[in-house]
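> Starting from the given sequences, assemble the full structure and let the hints guide the process.
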Amino acid sequence: MRKELIALLGVALLAGCATQSGPEQGGAGVEDRTPKAVGGAEVKPVTAGDAGGTALEAVKKGVLAQRSVYFDYDSFVIKDEFKPQVEAHGKFLVANPKVKMLIQGNADERGSREYNLALGQKRAEALKKMLMLLGAREDQVEAVSLGEEKPKNPGHDEAAWAENRRDDMLYSGEF
Amino acid sequence: MTMHAAFRVTLAILLFALSFAARAQLTIEITGAGANRIPVAIADFAGEPAIAKAIGSVVRGDLERSGLFRLVEAGAPLAETAAVNFGDWKARGADALVAGSVAATGGGRYEVRFRLHDVQKQVALGGMAYVMAPQQARTTGHRIADFVYEKLTGEPGIFSTRIAYVVKSAGRYELQVADADGMNAQTALASREPIISPSWSPDGARLAYVSFESKKPVVYVHSLTTGQRHVVANFKGSNSAPAWSPDGRKLAVVLTKDGGSQLYSVNADGSGVVRLASSSGIDTEPFFSPDGQFIHFTSDRGGSPQVYRISASGGDAQRVTFEGTYNVTPRLSPDGKSMAYVSRNGGRFQLTLMDLATRQNQILTDSDKDESPSFAPNGRMILYASEIGGRGVLAAVSSDGRVKQKLSVQAGDVREPAWGPFLKN
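Chains as they are written, first to last, in my numbering: chain A, 768 to 942; chain B, 4 to 428.
Rather than coming from a laboratory, the hints here were simulated on the basis of the structure.
Every residue gets a Cβ at the ideal spot worked out from N, C-alpha and C, and that includes glycine.
Hints are not guaranteed to be accurate.
The calculated DSS-like cross-link candidates involving lysine-lysine, where the alpha carbons are at most 25 Å apart (straight line), are [unchecked claim]: (1) LYS865(A) with LYS260(B); (2) LYS919(A) with LYS896(A); (3) LYS858(A) with LYS828(A); (4) LYS858(A) with LYS56(B); (5) LYS171(B) with LYS409(B); (6) LYS260(B) with LYS896(A); (7) LYS919(A) with LYS865(A); (8) LYS919(A) with LYS828(A); (9) LYS253(B) with LYS239(B); (10) LYS372(B) with LYS919(A); (11) LYS896(A) with LYS239(B); (12) LYS896(A) with LYS858(A); (13) LYS846(A) with LYS858(A); (14) LYS372(B) with LYS409(B); (15) LYS865(A) with LYS409(B); (16) LYS828(A) with LYS846(A); (17) LYS919(A) with LYS171(B).
Residues from chain A shown here face chain B by an in silico Cβ test under 8 Å; the list is partial [stated by the list, open to error]: (18) TYR882; (19) GLN888; (20) GLU916; (21) TRP928.
Dropping the structure here:
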């Protein structure tokens with residue numbers, strides 16, 4: 768418990784500066800702990816301050832390390848199986864008001880890129896809405912969409928598409 | 004992102020763009036041709052052989068790829084001033100003949116002259132003269148092809164126009180601009196993050212697009228002449244689907260700043276954001292009618308994605324597509340009479356053309372992953388993205404469905420095509 772508190776404190780402290788110089792990390796696959804593709808165009812990863820290690824630990828442990836929510840085809844409903852996970856993130860945001868979150872919604876590859884971008888947005892906003900009902904502040908959470916552009920699974924079958932209909936939650940310092 | 008980080012990203016993008024310029028060459032092959040191709044002979048031009056040859060091959064390539072012409076063997080070089088033996092050309096099966104010459108005028112410049120003859124009527128249909136540097140041979144060839152095309156078909160040629168598209172290879176995205184024949188490809192922007200939805204300004208000098216380089220979709224306008232760009236829309240949430248107004252002063256964009264994907268209008272410099280429509284669902288993919296009066300767009304307000312239109316100043320929406328449960332990406336023809344869009348038919352996404360007066364639909368392709376249609380500025384061809392063997396390719400089809408072309412790059416996926424406007428000389 769004490770450890771966790773220290774970790775939370777670390778995140779809170781980091782929050783201010785993390786948005787200034789967060790490590791560039793691939794948007795897709797936040798569960799992948801080794802960021803491979805560096806964001807932007809040939810930009811070297813920016814290293815966060817010393818507090819970074821401590822802070823990132825808190826949201827990489829237990830239920831908070833679960834950052835993805837998956838959706839059914841043409842659906843924007845957060846399924847029951849993901850609710851405990853979302854509630855944990857909601858509580859974390861309430862307890863750490865300086866921490867910010869970026870939700871990246873995603874869609875499978877079928878159909879128009881721009882329409883899929885809008886579908887991903889709808890998924891991201893559904894999750895944001897739930898986090899706000901749990902007490903997170905409007906200015907704490909930004910919902911954006913990557914559409915079909917950053918598939919977690921590059922395949923072209925139902926199994927791949929199911930993995931790509933997804934929201935990812937990124938915390939301050941991760942985007 | 005701080006100013007510092009933003010600067011770093013910008014600098015990296017610039018360096019990146021320079022180092023990979025013109026890396027991927029777009030090749031075009033014809034996969035279908037018109038029913039009645041006009042037989043035309045393009046004689047080698049007399050004079051400077053190297054330049055004459057370069058020009059001749061551009062003119063022949065352009066006319067042949069259009070699918071509307073059949074090339075007739077022309078034999079020895081023929082100057083525009085030489086007497087034409089019409090009976091002889093008629094016997095070879097040519098309905099039209101182009102003859103010309105290239106002469107050095109000093110200072111490294113050359114004068115290119117040509118004349119187009121109607122073999123059947125035995126009259127000259129006209130000709131032109133250009134003074135050019137040797138490296139302008141391709142440009143000159145395209146202009147001659149445009150002249151021939153217009154005289155023989157009655158509609159303007161598109162051989163001097165340019166196309167934009169995105170090439171994805173090994174985690175790298177390049178927004179490229181090439182001549183309409185796929186040559187002379189140049190990279191306007193390279194990034195590790197996706198680039199989508201390029202849209203040409205009506206003057207052909209700028210491209211609007213969506214870049215994900217800051218972990219979310221942001222709309223930029225990029226000057227092709229200076230390489231400079233600026234953010235047009237970077238609001239909280241997603242910013243996407245830019246479409247220029249015909250006067251080039253405004254863009255319709257999709258923003259989510261007020262919740263949901265909704266249509267807005269914004270000035271080209273990013274000022275003056277005005278909401279155009281309100282729906283409880285998704286509104287996206289706006290496209291101005293050529294007269295600037297209407298905006299067609301995709302909306303799921305009725306339960307499934309369909310095409311609607313509103314007045315460009317806002318107001319009530321009218322539904323345009325009714326068949327099927329997935330009709331997206333409306334793009335009006337330059338004359339405003341027809342609309343290309345993508346319809347889903349039994350799980351296949353196919354390029355479809357609607358006659359707006361009769362509401363008749365024609366599926367133009369037999370592929371199944373068509374996306375992002377874009378009309379040539381003369382309305383004759385529609386460029387679109389598709390997939391062959393799991394690889395992204397561009398394809399073009401004539402609006403009557405007869406002429407078909409495939410455009411692909413050696414290594415990589417090519418997608419998100421946009422055909423540029425006529426250039427004012």
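> Now look at each hint and say whether the structure bears it out.
Right, here's what the structure says about each hint:
Straight-line distance between C-alpha atoms of LYS865(A) and LYS260(B) comes to about 21 Å, which keeps the hinted pair within the 25 Å bound. In summary, the hint linking LYS919(A) to LYS896(A) is supported, as the alpha carbons are separated by about 24 Å, within the 25 Å threshold. At most 25 Å may separate the alpha-carbon atoms for a hinted pair to count; LYS858(A) and LYS828(A) meet this at roughly 15 Å. A distance of roughly 73 Å separates the Cα atoms of LYS858(A) and LYS56(B); the hinted pair therefore is violated under the 25 Å criterion.
At most 25 Å may separate the alpha-carbon atoms for a hinted pair to count; LYS171(B) and LYS409(B) meet this at roughly 17 Å. Proposed proximity of LYS260(B) and LYS896(A) is supported: the alpha carbons are some 14 Å apart, at most 25 Å. Taking the CA atoms of LYS919(A) and LYS865(A), the gap is near 29 Å; set against the 25 Å cutoff, the hint is violated. For the hint pairing LYS919(A) with LYS828(A), the CA-to-CA distance comes to about 21 Å; that is within 25 Å, so the pair holds.
Simply put, LYS253(B) and LYS239(B) have alpha-carbon atoms about 21 Å apart, close enough for the 25 Å limit, and the pair holds. A hinted pair counts as satisfied when its Cα atoms are at most 25 Å apart, and LYS372(B) with LYS919(A) qualifies at roughly 20 Å. Taken as a hint, the LYS896(A) and LYS239(B) pair is honoured in the structure, with Cα atoms around 15 Å apart against an allowance of 25 Å. Between LYS896(A) and LYS858(A), the direct Cα distance comes to roughly 14 Å. Compliance with the 25 Å bound is thereby established for this hinted pair.
Straight-line distance between C-alpha atoms of LYS846(A) and LYS858(A) comes to about 19 Å, which keeps the hinted pair within the 25 Å bound. Using a Cα cut-off of 25 Å, the hinted pair LYS372(B) and LYS409(B) holds, with the two alpha carbons roughly 14 Å apart. Note on LYS865(A) and LYS409(B): the hinted pairing is violated, with a Cα-Cα distance of about 53 Å set against a maximum of 25 Å. The straight-line distance between the Cα atoms of LYS828(A) and LYS846(A) is roughly 22 Å, inside the 25 Å bound, and the hint therefore holds.
With a C-alpha separation of about 16 Å, the suggested pairing of LYS919(A) with LYS171(B) holds against the 25 Å cut-off. For TYR882(A), the suggested interface contact is upheld, since its CB lies about 5 Å from the closest CB of chain B, less than 8 Å. Hint status for GLN888(A): holds, given a least beta-carbon distance of 5 Å to chain B, under 8 Å. With 8 Å as the threshold, the beta carbon of GLU916(A) comes within range of chain B, its nearest partner Cβ sitting at about 4 Å, so the hint holds.
A hinted interface residue such as TRP928(A) counts as satisfied when its beta carbon comes closer than 8 Å to some beta carbon of chain B; here the least separation is about 13 Å, so the hint is violated.
In terms of the numbered hints stated before, the structure departs from hints 4, 7, 15, 21, listed from lowest to highest.
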